[in-house]
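Heads up, the sequence shown is in my numbering, so the first residue is 476 and it goes up one at a time.
Hints were generated in silico from the structure; no laboratory data involved. For every residue, glycine included, the Cβ atom is placed at its ideal position computed from N, Cα and C. Check the hints yourself; a few may be wrong.
Pairwise CB distance ranges, derived in the manner of DEER restraints [as the list claims (entries may be wrong)]:
1. TYR523 / ALA496: 25 to 33 Å
2. LEU543 / ILE507: 16 to 24 Å
3. ALA547 / GLN518: 34 to 42 Å
4. THR525 / ILE502: 18 to 26 Å
5. GLY539 / ILE507: 15 to 23 Å
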Amino acid sequence: MFAILPLVGGVLAGWKLQRRAAIVTQIALWAIAVTVLTLTAPQHGASYSTGLVIGPALAVVSAGTLTLGFVAGRRSTRTA
């Protein structure tokens with residue numbers, strides 16, 4: 476569930492916030508998600524080292540969703 480946080484948050488932050496605030500918000504959401512996923516990994520049958528795989532992969536996907544948010548925000552201001 477926490478992996479969804481930076482995905483949805485990235486689109487919303489890129490769409491509604493200024494660029495610098497959106498990037499800082501996205502980094503914070505990514506850090507929270509990776510921390511929670513790493514700390515709870517043993518409860519789900521994985522090890523703590525799973526965070527080393529999940530973290531970078533989630534960072535790439537989070538950057539993509541933030542970019543989608545920037546594009547959506549630019550389009551909404553262009554049509555307004």
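Numbers of unmet hints, in rising order:
none
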